[in-house]
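Participant: First to last, the sequence lines map onto chains A and B. For the first sequence, position 257 (counting from the first letter as 1) is numbered 257 according to our numbering, and the numbering increases by one without interruption. For the second sequence, position 12 (counting from the first letter as 1) is numbered 12 according to our numbering, and the numbering increases by one without interruption.
Please note: incorrect hints may appear among the correct ones.
To be verified - Some chain B residues near chain A, calculated using beta-carbon distances under 8 Å:
hint, residue
1, Arg38
2, Ile109
3, Gln111
Hints are computed from structural coordinates only; laboratory data are not their basis. Cβ coordinates follow ideal geometry from the N, Cα and C atoms, glycine included.
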Amino acid sequence: MTNESGGIVVEGVARSFGSVQAVRDIDFEAPPGEVTALIGPNGSGKTTLLLMMASLLAPDLGTIRVAGFDPVTQPREVRSRVGWMPDTLGAWESLTAHEVLTTIGALYRMSSADRTRRADELLAAVKLTDFGHQPARVLSRGQQQRLSLARALIHDPQVLLLDEPASGLDPGSRVDLRSLLRSLAAEGRTVVVSSHVLSELDEIADRAVFVSRGQSVKSQTLDEAGGQIRRYYIQAEPMTALAAALESHGVRFETRRDSRREEFLVQLGSTAEASWLLRTLVMADVVVTAFAPAGGALEETYMSLDTDRR
Amino acid sequence: MSTATEPSTPHPVRSSTSLPFRTAVRTVFTLEMKQRLRGRGWYWMLGTWFVVIGFIFVLALGVIGATDNEGGILFDLIVGFVLFFGLLVSPGLSANAINGDRAGGTLAILQVTLLTPGQLLAGKWLASWVGSLAFLVLSSPFIFWALTLGGVNGQEAVVSLLMLAVQLGVVCAIGVGVSALANRPLFSIVSTYMVVALLAVGTVIVFGLSTMLVMEERTMTSSYYNYPEASLDSMGVPDPGAELECVTQTYRSEVPNTQYITWILAANPFVVVADAVPYSVEDLPEQGTPNPYGPADGPYYTPGVMETISQGVRSAQAGPDTDQTCEEASQALRPLPQETPIWPLGLGIQLVLATGLLLAARRKLTMPAGRLARGTRIA
Chain A
1 MTNESGGIVV EGVARSFGSV QAVRDIDFEA PPGEVTALIG PNGSGKTTLL LMMASLLAPD
61 LGTIRVAGFD PVTQPREVRS RVGWMPDTLG AWESLTAHEV LTTIGALYRM SSADRTRRAD
121 ELLAAVKLTD FGHQPARVLS RGQQQRLSLA RALIHDPQVL LLDEPASGLD PGSRVDLRSL
181 LRSLAAEGRT VVVSSHVLSE LDEIADRAVF VSRGQSVKSQ TLDEAGGQIR RYYIQAEPMT
241 ALAAALESHG VRFETRRDSR REEFLVQLGS TAEASWLLRT LVMADVVVTA FAPAGGALEE
301 TYMSLDTDRR
Chain B
1 MSTATEPSTP HPVRSSTSLP FRTAVRTVFT LEMKQRLRGR GWYWMLGTWF VVIGFIFVLA
61 LGVIGATDNE GGILFDLIVG FVLFFGLLVS PGLSANAING DRAGGTLAIL QVTLLTPGQL
121 LAGKWLASWV GSLAFLVLSS PFIFWALTLG GVNGQEAVVS LLMLAVQLGV VCAIGVGVSA
181 LANRPLFSIV STYMVVALLA VGTVIVFGLS TMLVMEERTM TSSYYNYPEA SLDSMGVPDP
241 GAELECVTQT YRSEVPNTQY ITWILAANPF VVVADAVPYS VEDLPEQGTP NPYGPADGPY
301 YTPGVMETIS QGVRSAQAGP DTDQTCEEAS QALRPLPQET PIWPLGLGIQ LVLATGLLLA
361 ARRKLTMPAG RLARGTRIA
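Here chain A stands alone, though its shape is the one from the complex (with noise of 0.2 Å):
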C-alpha cells in the first residue's frame, strides 16, 4: 500500500515538550488516493503529528514514513512532497495573494513560469483570482484560509497535510474544499485532514483515525462506521402513537434532550435495521414526521469512545 508513490506509515510515535507529553503512542496509516481524516479534541496531538509528518519536528520515540521517506533522516525528500497548511494562518501582509504563491514556488526551485502558470491555476481554483494582485492583508479569514490551501498545494504535491483546512470557510467555499480534496485524492494523492467538525469529515474522509490524549484510539474507514450501531431519531405526529409502536416492537427509546424539538432516540444496528423499523412505523400508522441519523457516522465513533471531552 505505501510505496514510493506516496502513502503516510506511522507507528508508535511519541513527542513532549518539556513535561507535557503532547503526544504518547500514535498509530497512523493514510493510503494515497484517499482522504484520511485525523479526529481527535483539542489538544489531542493532531497538530504535532502533522508537524512531525511535515519534517518540523522530530519525535521522540516511533518511526515515520511520508511517501516513503523518513522526515528525520530525509526532510528534503519529505518536503518536496509533501504540501503542508497549517492552522495558523501567517501571511505576508503587504504581498499579493500572487506573490505569496510564486515565492514559495520559487522555494520549491520551480522555474519562473511554471510558478506564475501554477500560481493562476490555484487561485482560480481556490476562487482568489480577483484578489491575486491585493495584498493579503485585504483578504478575510476565509480567503487567508483559502490562499493558505493554494500554497500547500503549490508544487503539486503528492502528499497533503492539511490542519483545520475548513475552519472558517463559508458553506460554499466548504463545498469547494471537498471537491476538491475528492479530486485530489482521485488522483492518487494522499490527503490527511484534522479537524473536530465532524459533519464535514463524514462527506469527504475515506478513512478516518481517532486520537486522544496523544495516543491513536481507533482507526476505521467510512464504511465500517456506516455499519456499526448508530442512533436515529424520530418524530411523529402525535408522539404518543410513536411511543406505543415502538413499544410493541420491543424497539427501546429515550426522549431526546439536546434538542429544541421533541423526539425520540433509537439505537439501530444498521441500515438494514433502520428501513425495517421505517416501514415498520409506518404500516402501523404512526404519522412519522422525521426519521434520520442523530448524527454523522464519524460522529458516532467520537462519541462512543467517550474519551476526554472536557
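Please build the complex by placing chain B on the supplied structure of chain A, with the hints as guidance.
Facilitator: Relative to chain A, chain B alone:
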C-alpha cells in the same frame, strides 16, 4: 490494509530536492525587501535620518567654518555620526528578522520548503544589511558636500565608507543571529543593542578600568626648551639674541602601560573604522620656530572626531612616553604614525562573534526540531 511494517526507503534524488543558493537567497531577500519597501515605517525612518543628519551637518558647518581642516573635520563628523546612528538602526532592522516571522506565523511556512536554514539566514542578513546601507546612501549628499571642501584624500574617503558598510554588516549579522536564538522580538532587539553597546561603550569602560591593572612606577624623563638662567635679566626677560636650551627633568611616577591593554579596544566599531582609515599626515607643513611657552606656531594639526579616535588608539598602543625629548615637547600636536594596525584584530573578533551567533542560529533553525524552547510553537 497493508502489513508492511518497514517500508522501503527509496534513494534520495539530490538534484531535485536542493535549492540553489543564489535562488534561495534572492527569493528571501526579495521577500524581505518587498515588505520593507511597501511599509510606511521604513520611509519615516529614512526621512527622520535625513533631517537629523542634515541639521547636524549644517550646524557643524557654521561652528567650525573657520578651522584649517574644515573638509576633513566635517567628513569625519559625518562618518562618525553615520556609524553611531547605524549602530542604533541596524539592530532594529535585523534583530526581529527570524522571531518576527515566527510570531507572524510565516517562519514555518518557509521552513517547510526546500529552503535551508543557512539560505534563510543569508537572505535575511543581506536584506537587513542593504536596509542599513540605505541610511548610508541617504547621507551621501553631506558626504560629498564635505568632500568638496577639500582636505580629504580619495583613499581616506573610500576606506572610511567601506569600513562603515562592513561595520553595519557585522551588526546586522549579530542581529539576525540573535533573532533566531531569542524567542521574542523585543528581547532579541534589546539583546542586540546590548551586544552593540558592549562593543561601542563596554570596551572603552573595560579599557579605562583596566589601566589600573597595568599601572607601574617608572622613571619619567621630560624635556622642554627654555632660556638659560644666565640670559635672563632681573625682570626675567631674556636678552635679545639669547639661544634656547633644552632642559631635562627626571622623576618617578605611576603610569599605565596601556600598550598591554589596547587590544581591548580593538573590537570597538569606532576603533575598527578609525584605525583602518589611512589619514593623510604628510601634507602638514613643517613647524615654525620652537616656542618655550607652548607649541610652535601653526598651522596646527586639527584632527576630526574619527581621526582623534585613531590617534588615541595609536598613543595607547605606544604606551607611556618615558623619554620625552625637547623635539617632542615643541611638537605637542603632531600626529602619531601607525605602528601596528589594530583593526584586523577588532574585525576578527567581531566576525568570530557574528559567525558564532549565525552558526548557533542555523542549528536552531534546522528542522525537524529536536528540542524547543519553553513556550514556543513551531506554527
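Participant: Hint by hint, note whether the structure agrees.
Facilitator: A quick look at each hint next to the structure:
| no. | hint | result |
| --- | --- | --- |
| 1 | Arg38 | 4 Å, holds |
| 2 | Ile109 | 6 Å, holds |
| 3 | Gln111 | 6 Å, holds |
Hint check: no violations occur; every hint is consistent with the structure.
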